[in-house]
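Q: Residues per chain, in single letters:
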Amino acid sequence: MGQRIVERGGLGAGTLIGRLALLLVISGVIFLLIEAAPGDPLGQVPLTLSPEVRDRMRAALGMDQPWHLRYLLWLKQLFWIEPLHWLGIDAGQRLISYQSRAPVFDVIAERLPQTLWVVGGGYLAGAALALPMGLIAGWRPGGWLDRACTGLAMLGWSLPTFLTGVLLVLIFGVWLGWLPSVYDTTLRVQGWEGLAQQARQMVMPVAVLALYNAGQLSRVLRAAMVQAAAQDYIRTARAKGMPTRVVLWHMLRNALLPVVTVVALGLPGVFGGAIITEQVFRVNGLGQLLIGAVQANDLPMVLTLTFLFGALIVLCNLVADALYRWLDPRLG
Amino acid sequence: MRNVAMISALCTVLAPMAHAERGADGQLNILYWQAPSTLNPYLSSGTKDLEPSSLVIEPLAGFDEKGDVFPRLAAEIPSAENGGISADLKTVTWRLKPGLKWSDGTPVTSEDVKFTADYCMNPDGGCAQLGRYEGIDRVEAPDPLTVVIHYAAPRPNPFTAFTGAQSPILQKAQFAGCMGAAASTCTDQNFRPIGTGPFRVTEFRTNDALTLEANPNYRDPAKPAFATVTVKGGGDAAGAATAVLETGEFDYAWNTQVPPDLLKSMEAAGKGRVVTAFGTLVERVEMNLSDPSPDLPETERATIKHPHPILSDERVRRALSMALDRQLLSDVGYGPTGRATCNLVPAPEVFASDNTGCIAQDSEGAMALLDQAGWVPGTDGVREKDGRKLHLLFQTSANPIRQDYQALIKQWWQNIGVSVELKVVEPAVFFGADANSPDTFIRFNADVEMFANNFDGTDPEPYLARYTCDKAPSPDTQWQGENINRYCNAEFDKLLAELGRTSGVQARGAIAKKLNDMLTKDGMVVVPLVDRGRVSAHSNALGGVVMNAWDSELWNAADWVRAR
Amino acid sequence: MAKRVLVLILALMLLGPLLWRIDPGLLDMRARNLGPGLGHPLGTDQLGRDMLARLMAGGRVSLAVGFCASVLAVVLGTGVGVAAGWFRRLDGALMRLVDLFLALPLLPLLLLGVMLFREPLARAIGPAAGAFVLIVGAIGLTSWMQLARVVRAEVMALRGREFIVAARMVGNGSGRLIVRHLLPNIAPQIGVAASLGFASAIMTESALSFLGFGFPPDLPTWGRMLAEGVEQMQLYPARVLLPGGLILLTVLAVNALAQVKVPR
Chain A
1 MGQRIVERGG LGAGTLIGRL ALLLVISGVI FLLIEAAPGD PLGQVPLTLS
51 PEVRDRMRAA LGMDQPWHLR YLLWLKQLFW IEPLHWLGID AGQRLISYQS
101 RAPVFDVIAE RLPQTLWVVG GGYLAGAALA LPMGLIAGWR PGGWLDRACT
151 GLAMLGWSLP TFLTGVLLVL IFGVWLGWLP SVYDTTLRVQ GWEGLAQQAR
201 QMVMPVAVLA LYNAGQLSRV LRAAMVQAAA QDYIRTARAK GMPTRVVLWH
251 MLRNALLPVV TVVALGLPGV FGGAIITEQV FRVNGLGQLL IGAVQANDLP
301 MVLTLTFLFG ALIVLCNLVA DALYRWLDPR LG
Chain B
1 MRNVAMISAL CTVLAPMAHA ERGADGQLNI LYWQAPSTLN PYLSSGTKDL
51 EPSSLVIEPL AGFDEKGDVF PRLAAEIPSA ENGGISADLK TVTWRLKPGL
101 KWSDGTPVTS EDVKFTADYC MNPDGGCAQL GRYEGIDRVE APDPLTVVIH
151 YAAPRPNPFT AFTGAQSPIL QKAQFAGCMG AAASTCTDQN FRPIGTGPFR
201 VTEFRTNDAL TLEANPNYRD PAKPAFATVT VKGGGDAAGA ATAVLETGEF
251 DYAWNTQVPP DLLKSMEAAG KGRVVTAFGT LVERVEMNLS DPSPDLPETE
301 RATIKHPHPI LSDERVRRAL SMALDRQLLS DVGYGPTGRA TCNLVPAPEV
351 FASDNTGCIA QDSEGAMALL DQAGWVPGTD GVREKDGRKL HLLFQTSANP
401 IRQDYQALIK QWWQNIGVSV ELKVVEPAVF FGADANSPDT FIRFNADVEM
451 FANNFDGTDP EPYLARYTCD KAPSPDTQWQ GENINRYCNA EFDKLLAELG
501 RTSGVQARGA IAKKLNDMLT KDGMVVVPLV DRGRVSAHSN ALGGVVMNAW
551 DSELWNAADW VRAR
Chain C
1 MAKRVLVLIL ALMLLGPLLW RIDPGLLDMR ARNLGPGLGH PLGTDQLGRD
51 MLARLMAGGR VSLAVGFCAS VLAVVLGTGV GVAAGWFRRL DGALMRLVDL
101 FLALPLLPLL LLGVMLFREP LARAIGPAAG AFVLIVGAIG LTSWMQLARV
151 VRAEVMALRG REFIVAARMV GNGSGRLIVR HLLPNIAPQI GVAASLGFAS
201 AIMTESALSF LGFGFPPDLP TWGRMLAEGV EQMQLYPARV LLPGGLILLT
251 VLAVNALAQV KVPR
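Residue numbers (UniProt numbering), protein chains in the order written: chain A, 1 to 332; chain B, 1 to 564; chain C, 1 to 264.
In case anyone wonders, no lab produced these hints; they're calculated from the structure. Check before you lean on any hint, since a few could be wrong.
[Unchecked claim] Which residues of chain B face chain A? A partial, calculated answer using Cβ under 7 Å:
#1 Gln34
#2 Ser37
#3 Leu43
#4 Gly131
#5 Ser184
#6 Thr187
#7 Arg205
#8 Gly234
#9 Ala243
#10 Glu246
#11 Thr247
#12 Glu249
#13 Asp476
#14 Gln480
Built from N, CA and C at the ideal position, the CB exists for glycine as well.
All chains, please: the whole structure from these sequences, using the hints.
A: This is the structure we're talking about:
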């Protein structure tokens with residue numbers, strides 16, 4: 001059994017190539033989906049432009065080419081021109097976004113820092129909040145601590161981020177005036193003052209995301225703890241009066257199994273961004289980039305972002321599998 | 001005593017002058033909730049792109065808040081009197097102000113102007129502002145300060161090329177390598193154009209933020225008052241209004257189009273003001289004069305071949321218009337930033353017809369008119385004629401205000417016995433020009449549709465020219481064409497041709513008014529609803545803002561100061 | 001307690017419209033933005049539509065979306081997870097499927113799917129029903145994979161345990177084993193997933209509404225009303241508190257109920 005898991009999630013070159021093929025298939029599917037969608041990258045230009053001008057603009061974007069040629073061009077640009085460009089060799093036209101005419105990868109690089117600061121911060125804070133909450137709740141299910149934690153988790157869960165976000169802006173931005181409601185992406189973090197400023201503008205979006213993530217994670221952890229507590233050997237250990245610390249560790253090791261899955265699988269989501277929170281606080285991270293590209297039918301941008309996102313998910317799956325084996329020797 | 005009073009009066013007058021020194025007022029924060037994606041307006045025609053770019057690059061002339069042309073880089077506005085416009089209306093001569101410098105210190109010459117026209121008119125460039133250079137035969141630069149534009153045909157209104165934020169002058173030295181197909185690859189040039197405006201780019205993050213600093217070579221040494229500017233993007237209109245009117249984090253927010261009562265309550269916080277200016281943007285219902293029935297073959301559906309079975313009758317169109325309460329629509333959707341209108345061309349004044357007959361709602365009259373047209377109430381309350389139900393498909397783009405309008409109009413039409421089916425299309429699809437999509441506003445596979453449109457500059461000729469017979473979309477034209485109503489009236493076409501030959505604002509205005517009335521008051525082909533103003537907000541700490549509906553809103557940013 | 005709250009909400013949404021017969025789509029321009037009063041117990045919205053009638057109409061749609069989408073996700077997730085964990089032959093193929101779904105960027109696909117299929121579905125079965133099928137399908141089809149992985153891991157862990165081995169040796173078939181011994185043991189996970197799935201579906205629907213990809217405008221849902229109300233939270237807090245409160249209450253009650261159902 002363990003052998004197969006190693007095979008499936010293993011790090012053999014064969015499987016990696018298989019995964020890469022899978023990603024290619026995915027990119028092809030997405031390309032065709034966007035092609036089939038009835039949108040138009042020029043749907044947002046004003047109506048004052050004449051149809052001839054629109055046609056010329058379309059031709060200038062290369063959109064008058066047949067679809068298979070455009071897909072092949074995208075593949076060439078992604079796997080040949082871009083890597084060469086990073087090595088300092090100019091091999092042709094780089095991947096260009098329809099909206100801004102800027103190289104896709106430059107825009108992505110520009111968006112990465114704020115995405116990691118805010119969405120990553122929200123994820124870490126959420127996980128940090130969820131672990132103790134889930135542990136406390138799962139240790140004595142039904143106790144008042146459990147109820148309090150469960151209530152808090154459900155509150156975090158059942159409030160949409162667009163509501164908590166706007167509410168926080170209203171309280172801390174408008175009424176109290178303590179925190180900025182707009183995230184400044186041009187801020188250079190230099191020295192203590194810059195750091196303090198960065199911290200101040202991160203508080204609200206990170207809090208919104210942390211509440212949401214904590215709600216999700218702590219529920220999974222609690223359920224796993226409850227189940228672990230019911231295992232025979234834990235009950236025996238508890239009955240025999242083993243130190244709480246030791247029992248807790250054993251339970252945790254068991255309970256962490258599903259939690260690790262959820263945490264590792266949720267990690268790519270950090271790079272996918274948090275569309276709504278980003279919009280409310282004007283963080284303009286990768287999530288906003290993606291939704292803007294989808295709305296504008298910016299095909300090169302959507303395709304590249306979704307491809308990178310898929311690659312990241314595949315990578316995190318591999319990591320989750322490895323962690324799994326380490327945590328549960330029965331599987332390894 | 002009197003002297004003291006005079007001195008103190010003088011002091012108050014001079015006080016703002018005292019710190020009229022470049023860069024003295026520090027940082028200016030501007031919010032464009034739709035973030036700019038490029039600073040080259042020739043590659044994108046969105047307001048969100050060309051307004052921020054107007055801080056950096058400038059045209060020869062601009063439009064002021066009254067819609068009048070005023071010189072920017074030009075020494076004066078060409079006219080017949082000063083010899084700038086030839087007698088045959090085919091040649092326009094511009095003279096540059098002497099001593100102008102780009103922000104990199106090099107001189108501005110007529111070669112730059114000529115280059116700009118060549119850049120946009122290059123057939124492979126996909127220039128978004130090509131319409132502004134329409135009809136130009138060639139541009140010449142006989143000496144460093146003189147530019148001569150030769151038109152192929154008489155040009156009664158020459159203030160399109162090099163006029164307004166849509167056609168600023170680019171620096172030849174910077175953009176020389178970006179002609180034609182290379183235009184898209186010049187990311188650095190498109191994001192950091194060298195200009196003559198009050199500010200120059202320090203950093204541009206596409207669809208996110210733009211930072212600027214005062215241009216050291218700006219022609220007025222005392223301006224701009226601000227040393228640095230940030231133009232931040234993202235979020236939505238309500239959030240933008242909050243950031244200026246409630247938290248005061250930003251000095252200026254563009255397009256704060258939110259429900260009127262909300263805007264009012266935000267303004268009550270006392271941190272800032274809402275400013276409005278009315279241009280030519282009109283929200284309207286358009287009537288389809290061709291039959292959009294899905295039973296027709298795809299090549300004949302919604303074409304002139306098949307007149308609309310219901311809406312071809314002018315009385316039905318008129319009744320539908322009479323059933324509307326435009327004042328209420330304006331109040332619900334736009335409040336002080338909207339005005340009920342019956343005109344397709346609501347401004348400028350010389351072109352605006354005195355047509356207000358449609359403002360008062362008249363459901364009784366509408367019903368009488370429908371009776372007269374032979375549509376009588378059936379058993380279910382829906383009117384019928386010759387076994388056909390008076391049923392209309394009403395489409396528009398997804399947008400909260402439009403959906404409220406749809407619900408209201410549906411109810412009013414139901415009250416006069418018209419059954420209405422609503423349809424909502426994603427804006428990217430609705431306004432897209434994808435010939436294969438059945439749901440674009442051009443294909444018009446519905447009976448009536450609602451959207452807003454306006455025209456560039458102050459002259460409505462190209463706008464009215466959309467409604468000629470030959471501009472009706474059909475499969476033969478790959479469904480391109482601006483006459484979405486499939487309106488065809490020989491008299492209209494004739495009058496429009498006359499407009500093309502007429503010069504002199506008053507005479508042009510008289511003809512334009514007649515054309516406007518033929519489409520609205522007389523024909524009810526276009527049913528205007530609300531004249532929508534531009535609305536933005538600025539904080540009380542920002543002085544000098546003059547709202548402008550004819551050019552970039554940031555047109556006079558060089559004069560903006562920190563109010564103390 | 002939880003059960004009572006849930007029954008109350010269900011009764012209000014299902015039976016309420018029989019007693020309170022105002023059409024939720026009726027516009028009354030003379031009664032815009034009213035506070036609570038006799039004619040309109042919960043006031044009216046910006047077009048003079050009755051809030052109580054809208055909340056009831058919206059509740060029915062939201063509850064139906066939550067229920068259908070979570071059932072779809074739980075059935076898919078449990079089915080795939082159990083099959084992969086129990087039948088060795090299927091494991092590889094099924095987990096590839098899970099990987100494929102996990103590697104697909106869901107949100108853009110969700111949006112693309114909504115854009116692509118809204119029109120054909122609306123033409124086929126009407127705008128409201130089309131949107132319902134589309135949104136339930138989109139949410140259900142994109143939220144079963146994590147449960148499948150968790151269930152698979154649980155099943156694999158359980159498979160080697162003494163009581164399962166013993167039950168198998170006594171001669172129980174796979175089907176019987178799964179239903180009698182496996183499913184009850186993974187019930188907590190499924191219960192949590194179902195309740196979270198229910199909540200998540202209601203929330204995803206509201207997020208779609210916020211981004212403009214939700215139900216058609218003349219069809220109210222709690223999520224849509226909440227998303228629309230947020231903008232004017234300061235002026236009309238009731239438009240946020242009412243739908244938001246109902247969502248919160250429903251989610252809490254469903255969750256509490258799920259915990260009661262968990263054995264032990």
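Q: Does each hint hold? Answer for all of them.
A: Quick rundown of the hints versus the structure:
no.	hint	result
1	Gln34	violated (9 Å)
2	Ser37	holds (4 Å)
3	Leu43	holds (6 Å)
4	Gly131	holds (6 Å)
5	Ser184	holds (5 Å)
6	Thr187	holds (5 Å)
7	Arg205	holds (5 Å)
8	Gly234	holds (3 Å)
9	Ala243	holds (6 Å)
10	Glu246	holds (5 Å)
11	Thr247	holds (5 Å)
12	Glu249	holds (6 Å)
13	Asp476	violated (13 Å)
14	Gln480	holds (4 Å)
The structure fails hints 1 and 13 (numbered hints given earlier, in ascending order).
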